[in-house]
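**Student:** Line by line, the protein sequences are chains A and B.
In terms of this note's numbering, the first sequence is residues 197 to 631.
In terms of this note's numbering, the second sequence is residues 197 to 631.
If you are wondering where the hints come from, they were derived from the structure by calculation, not from laboratory data.
If you're wondering where the values come from, they're calculated on a predicted model, not measured in any experiment.
Check the hints yourself; a few may be wrong.
The list cannot tell twin chains apart, which means a pair is met if one copy fits it or any two copies do.
Simulated pairs of lysine-lysine, BS3-like, Cα-Cα distance not exceeding 27 Å [as the list claims (entries may be wrong)]: (1) K585 with K564; (2) K205 with K585; (3) K577 with K405; (4) K564 with K577; (5) K564 with K405; (6) K405 with K585; (7) K577 with K205; (8) K205 with K405.
Protein chains: 2
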Amino acid sequence: MRAYDLIQKKRDGAALSAGEIAWLVDGFVGGLVPDYQMAAFLMAVYFRGMTPEETAALTWAMVRSGETLDLGPLARDAVDKHSSGGVGDKTSLVLVPLVASAGVPVPKLSGRGLGHTGGTLDKLEAIPGFSTALSEAAFVEQIGRIGCAIAGQSAALVPADARLYALRDVTATVDSVPLIASSIMSKKLAVGSSAILLDVKCGRGAFMKTEADARILAEAMVAIGRAAGRRTAAVISAMDHPLGRAVGNALEVAEAIATLRGEGPQDLEGLCLALGGWMLMLGGRSASPEEGSEELLRRLRSGDALRKFEALIRAQGGDPRVVEDPERLPSAPCRLPVPAPASGVVAGIDAEAIGLAAMQLGAGRARKGEAVDPAVGVVIKRSAGVVVKAREHLATIHARSEEAGLAAARQVAAAFAIAESAPAEVPVIRGVIRW
Amino acid sequence: MRAYDLIQKKRDGAALSAGEIAWLVDGFVGGLVPDYQMAAFLMAVYFRGMTPEETAALTWAMVRSGETLDLGPLARDAVDKHSSGGVGDKTSLVLVPLVASAGVPVPKLSGRGLGHTGGTLDKLEAIPGFSTALSEAAFVEQIGRIGCAIAGQSAALVPADARLYALRDVTATVDSVPLIASSIMSKKLAVGSSAILLDVKCGRGAFMKTEADARILAEAMVAIGRAAGRRTAAVISAMDHPLGRAVGNALEVAEAIATLRGEGPQDLEGLCLALGGWMLMLGGRSASPEEGSEELLRRLRSGDALRKFEALIRAQGGDPRVVEDPERLPSAPCRLPVPAPASGVVAGIDAEAIGLAAMQLGAGRARKGEAVDPAVGVVIKRSAGVVVKAREHLATIHARSEEAGLAAARQVAAAFAIAESAPAEVPVIRGVIRW
């Protein structure tokens with residue numbers, strides 16, 4: 197086999213066999229296929245796409261490039277989840293303990309944030325002492341013991357994905373549905389749970405800007421899961437405004453705690469109950485997603501969900517007292533209000549602009565490897581649809597310095613659209629793709 | 197500027213500015229833009245194409261990557277020519293002395309063959325003593341003195357082309373009209389003649405398989421020439437059958453000598469007179485291409501053309517006696533006839549198959565840097581349209597060994613299509629694109 201022939205075949209619109217794709221991925225990881233040939237191949241994929249069979253073969257080739265987790269007897273009941281991320285997206289912090297509190301094991305490997313969206317690991321590390329570096333054995337043992345664990349992905353898992361992503365990132369080949377879908381699903385398949393729930397976001401604050409694009413990506417991922425024999429469903433949810441009210445690491449942990457206590461913002465609680473309902477159904481704990489959501493609402497009210505989060509924090513070395521006393525989380529020295537420039541109704545809040553403001557405060561990183569500030573961020577006081585008066589506080593900035601806070605306040609004020617009438621309310625959940 | 201942004205811009209179908217293209221080419225040659233980014237860019241160009249302005253900018257950026265020839269006062273009158281090559285294509289051997297014999301200076305830089313088509317340098321080096329390695333000064337001086345020179349291209353000329361071509365060659369991005377056109381034209385512009393004639397071949401034995409594709413390439417190249425202020429024309433010619441009768445280095449030199457003597461095969465003589473007529477017109481020596489062709493026919497008959505070839509050989513260290521005595525050219529020890537398998541009419545001769553047979557005899561090279569055998573090759577005895585009887589000789593194989601010759605004879609026999617009736621005659625010249 198020659199890389200040239202495979203590039204040409206894809207360039208000309210033909211489908212590669214599973215053997216050809218495996219050869220290409222193995223050759224790339226092994227150094228036999230140079231970067232420049234893989235770059236040309238990826239650009240050809242960008243233009244020509246891949247069939248579902250090719251995408252499944254690519255995903256498996258990536259999984260086989262490294263080690264896989266052995267969940268043992270847990271694999272059968274465990275339900276993994278993936279969110280395509282977005283501004284203020286702390287669903288993993290809520291969902292993992294919430295679903296585990298209902299008896300469904302949740303093995304969750306997460307990543308760090310880049311750009312205007314935060315990462316679950318960064319958020320959890322705002323909890324004093326919390327460690328996301330777990331060995332495979334510790335990860336599996338913890339899930340067996342308390343029903344859940346959240347850790348960073350080991351480099352030994354799916355090394356082909358990291359290498360391919362690094363190349364895509366510098367060759368303008370990130371935005372390709374089969375490449376995105378195989379990248380996400382390879383990491384889910386490597387974890388080994390028998391069921392996977394995908395939360396695919398769309399809108400201004402998400403990677404996929406339109407609902408139609410999100411649906412295409414969701415269908416590609418569900419097809420991969422189905423081909424791999426995993427029970428897989430994808431929920432498409434709107435991310436035009438930030439999710440919940442807090443954007444920033446410790447601020448989001450505090451909001452997740454409030455939500456697990458049954459006191460969270462309505463949009464966040466609603467999305468977590470909906471996603472969690474599907475997870476309970478995928479895990480065989482409920483007959484329908486609606487029944488699952490009802491069960492989870494009971495777990496919020498009973499305090500089971502919050503106690504599971506406390507157990508998770510304790511198991512991973514964090515200070516469990518933050519659950520009862522969120523003041524123990526890091527806090528920023530400067531708090532600045534963002535006054536409304538005019539009276540009217542909040543017609544929209546640009547999630548991307550809020551995310552960038554939070555990043556510039558230090559809550560996110562512009563480049564890989566940068567440290568993040570756990571304390572800083574933005575808390576929204578007036579959500580979309582709410583009537584406001586001029587100079588009323590739209591949001592609060594949590595900043596390291598007054599100078600940084602004033603710059604962020606200007607950005608956040610500009611992110612609010614104030615109109616004369618309220619916008620039509622659109623549901624957060626836009627659709628579900630099932631296996 | 198960032199290579200990423202330029203890849204993305206081309207990927208999304210936008211046109212790059214001349215400054216952006218120059219930055220990319222300079223960065224690539226200077227090592228700032230890595231191979232993998234250029235490979236992704238080239239694949240995006242394959243899918244998105246380039247505007248005439250972008251193609252002209254790419255061509256100039258490549259020219260400026262290295263040195264250019266200084267033809268001095270010769271530049272004004274000199275006419276360069278390029279042929280896209282094909283099996284049995286010895287037009288340069290005939291045209292360079294023929295056009296020079298009519299008073300138009302011809303500066304010709306040529307290449308070596310690869311695959312089933314031979315290179316002009318390989319053919320000339322079949323003449324004992326002939327050197328194609330001329331310094332720039334010697335090249336220009338010789339043109340001033342005898343009106344023509346044929347030499348290999350120095351690595352200092354258009355280094356970006358060699359580097360880009362090497363990358364295209366391994367990333368399946370050779371077949372892109374703007375990339376082909378800019379590659380060819382950059383080398384013509386670097387030589388510096390004020391006029392350029394392009395011979396773009398189409399058909400089974402050529403790089404462009406269809407007349408429509410050849411026309412697109414010809415138009416792209418003429419547009420580059422026009423943008424650069426060079427008088428440029430392109431003749432589109434058919435290459436379904438081998439051109440002339442001889443395929444192989446010394447065999448083609450002998451056929452070129454016969455043609456310069458006025459005794460060559462009709463198709464080759466006709467094409468050379470037509471192309472040369474255009475060169476005389478471009479060089480200001482004739483009012484029309486037809487008038488130019490008539491002038492050249494007189495030069496064939498008077499012996500001026502043959503004497504110019506003799507002078508060219510002498511000037512470049514070759515044995516000029518080959519002109520009067522082609523037996524002095526290297527000859528192969530084994531000659532084998534190729535008998536016709538049946539009676540009928542020669543309906544077609546597959547040029548590519550003949551070229552591959554000659555290559556396997558040793559006349560061409562499968563890989564860069566391999567030596568070629570000057571003596572071996574194929575001579576066609578029965579051209580397309582000729583009535584043949586079974587076992588009559590269709591061709592003669594000139595081989596180094598009987599074993600190699602028998603293998604080639606089988607390939608050559610299979611390249612002949614024998615039918616019941618003669619095919620419709622199609623003219624060799626299919627069209628002309630003028631500046």
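**Student:** Hint by hint, say whether it matches the structure.
**Tutor:** Evaluated hints:
1. In this assembly of identical chains, the alpha carbons of K585 and K564 never lie at most 27 Å apart, being 41 Å within a copy and 77 Å across copies at closest.
2. In this assembly of identical chains, the alpha carbons of K205 and K585 never lie at most 27 Å apart, being 62 Å within a copy and 43 Å across copies at closest.
3. In this homomeric assembly, K577 and K405 come within 27 Å of each other (Cα to Cα) only inside a single copy, at 25 Å, whereas the closest approach across copies is 67 Å.
4. Neither within a single protomer nor between protomers do K564 and K577 lie at most 27 Å apart by alpha-carbon distance, with minima of 31 Å and 70 Å respectively.
5. Taking CA atoms no more than 27 Å apart as the test, K564 paired with K405 passes inside one copy only; the shortest distance there is 24 Å, against 49 Å between copies.
6. In this assembly of identical chains, the alpha carbons of K405 and K585 never lie at most 27 Å apart, being 31 Å within a copy and 72 Å across copies at closest.
7. Within a single copy, K577 and K205 get their C-alpha atoms no closer than 55 Å, and across copies no closer than 39 Å, so neither meets the 27 Å cut-off.
8. Taking the closest pair of Cα atoms, K205 and K405 come within 27 Å of each other only across two copies (19 Å); inside a single copy the shortest separation is 31 Å, beyond that limit.
In the structure shown, a violation is registered for the earlier hints numbered 1, 2, 4, 6, 7, in ascending order.
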